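S.K.: Use the sequences and the hints to build the structure in full.
Protein sequences appear in the order of chains A and B.
According to the working numbering, the first sequence holds residues 5 to 214 in order.
According to the working numbering, the second sequence holds residues 5 to 214 in order.
No lab work stands behind these hints: they were computed from the structure.
All values derive from a computational prediction rather than experimental measurement.
Beta carbons: idealized from backbone N, C-alpha and C, even for Gly.
In the DSSO-like style, the derived pairs of lysine-lysine whose C-alpha atoms are separated by at most 27 Å in a straight line are:
{"no.": "1", "chain 1": "A", "residue 1": "K198", "chain 2": "B", "residue 2": "K198"}
{"no.": "2", "chain 1": "A", "residue 1": "K198", "chain 2": "B", "residue 2": "K121"}
{"no.": "3", "chain 1": "B", "residue 1": "K198", "chain 2": "B", "residue 2": "K100"}
{"no.": "4", "chain 1": "B", "residue 1": "K121", "chain 2": "B", "residue 2": "K198"}
{"no.": "5", "chain 1": "A", "residue 1": "K121", "chain 2": "A", "residue 2": "K198"}
{"no.": "6", "chain 1": "A", "residue 1": "K100", "chain 2": "A", "residue 2": "K121"}
{"no.": "7", "chain 1": "A", "residue 1": "K121", "chain 2": "B", "residue 2": "K198"}
{"no.": "8", "chain 1": "B", "residue 1": "K121", "chain 2": "B", "residue 2": "K100"}
{"no.": "9", "chain 1": "B", "residue 1": "K10", "chain 2": "B", "residue 2": "K198"}
Computed footprint of chain A on chain B; a stretch qualifies when at least three of its residues, placed anywhere within it, have a C-beta under 8 Å from a C-beta of chain A:
{"no.": "10", "stretch": "134-140"}
{"no.": "11", "stretch": "163-174"}
{"no.": "12", "stretch": "190-197"}
{"no.": "13", "stretch": "204-210"}
What follows is each chain in one-letter form.
Number of protein chains: 2
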Amino acid sequence: MADPSKLERRGLLYVLSSPSGAGKSTIARMLLGSDSEIAMSVSATTRPIREGEEDGVDYHFVDNAEFDRLVAQDAFLEWAHVFDHRYGTLRSEIEKSLAGGRDVLLDIDWQGTQQLKQVDPDIVRVFVLPPSLRELRRRLEHRGTDSEEVVARRMERAAAEISHWAEYDYVLINDDAEICAAKAGAILDAERLKRERRTGLVDFVRTLTG
Amino acid sequence: MADPSKLERRGLLYVLSSPSGAGKSTIARMLLGSDSEIAMSVSATTRPIREGEEDGVDYHFVDNAEFDRLVAQDAFLEWAHVFDHRYGTLRSEIEKSLAGGRDVLLDIDWQGTQQLKQVDPDIVRVFVLPPSLRELRRRLEHRGTDSEEVVARRMERAAAEISHWAEYDYVLINDDAEICAAKAGAILDAERLKRERRTGLVDFVRTLTG
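M.R.: Structure, rendered in structure tokens:
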């Protein structure tokens with residue numbers, strides 16, 4: 005008998021969106037750490053590299069001309085302006101992961117999610133809300149990496165991002181990162197068990213019923 | 005701030021179907037034991053009460069005339085013939101649970117599931133497959149409660165039940181009851197996080213964005 009947990013299945017695209025500071029990165033890290041079958045999609049960006057970041061790991065850092073060229077080549081599944089920079093999901097990144105039998109975690113905003121939904125209606129969309137705007141501001145200020153002006157802009161942008169919560173399949177409220185990550189994991193587990201994604205079931209049932 | 009885990013949500017109807025012997029009852033018991041927010045729907049049946057069963061707990065045991073009367077009163081959300089007896093889900097049972105803010109677990113077959121889907125398209129349908137038919141037969145014989153003839157009929161019926169697997173949203177293969185119950189639990193957790201079921205989110209986001 006074939007190991008049922010090894011039944012062939014379609015890889016899934018798991019989108020995690022939230023306003024900046026809602027804890028999405030922490031949740032993504034926990035999810036990736038607890039599950040070996042999902043990998044982060046490394047986006048391309050025109051934003052400058054920050055201290056501690058690594059090219060090809062955190063992002064593919066490219067200049068504006070290179071980004072333009074990638075757009076012209078239709079190399080992106082989706083791309084968006086965020087503040088003064090552009091961010092995009094490379095088709096090649098996604099295809100590499102799915103071909104390796106791995107699901108892909110995408111950390112993109114509502115603009116990217118809308119575009120991706122057009123290209124692939126089967127995506128799983130999860131929105132992370134902060135427990136309150138006060139807590140969101142506290143987290144943004146606590147990071148200490150951003151100026152007061154940048155925090156103000158992020159707060160404005162957060163409200164805009166939150167206004168798109170109803171376009172998502174699942175909504176999490178992040179008042180505890182561990183609990184929130186566990187819930188994000190339950191969504192991943194459940195989505196993998198959906199009949200339509202488990203392409204190996206047809207053959208399995210055939211062996212069962214002869 | 006309101007406790008996000010206490011946000012108002014719509015109760016859900018969680019259907020678990022499988023051929024007899026695939027371990028559905030064990031999984032249901034584990035799920036009910038690990039989660040206080042879901043309750044079993046107690047079906048009405050014309051089948052005679054068995055040793056160890058309790059009226060009103062395992063089933064509402066009724067005679068044929070009473071079952072006819074309930075059908076005529078439209079008291080059932082769904083009902084079906086299984087072997088020589090009839091089984092039905094009482095509307096009053098479901099409404100009682102949902103009104104109490106609890107989800108409802110239904111142990112019904114493909115016929116009942118089809119009927120229920122007509123009445124409530126929002127149900128969550130989970131099908132449990134045995135790892136093999138040989139294992140299914142072993143489990144049925146191991147129970148020792150049924151004659152050889154009954155086991156043969158159950159095996160025939162199992163094949164018929166399995167033929168409806170593709171009408172379900174999720175499919176589990178039960179080669180380990182603990183793992184299978186955990187997966188059934190992940191589906192329950194995820195389904196509760198679906199935006200459309202979380203009716204309290206609209207107000208929550210309103211307090212968030214002022």
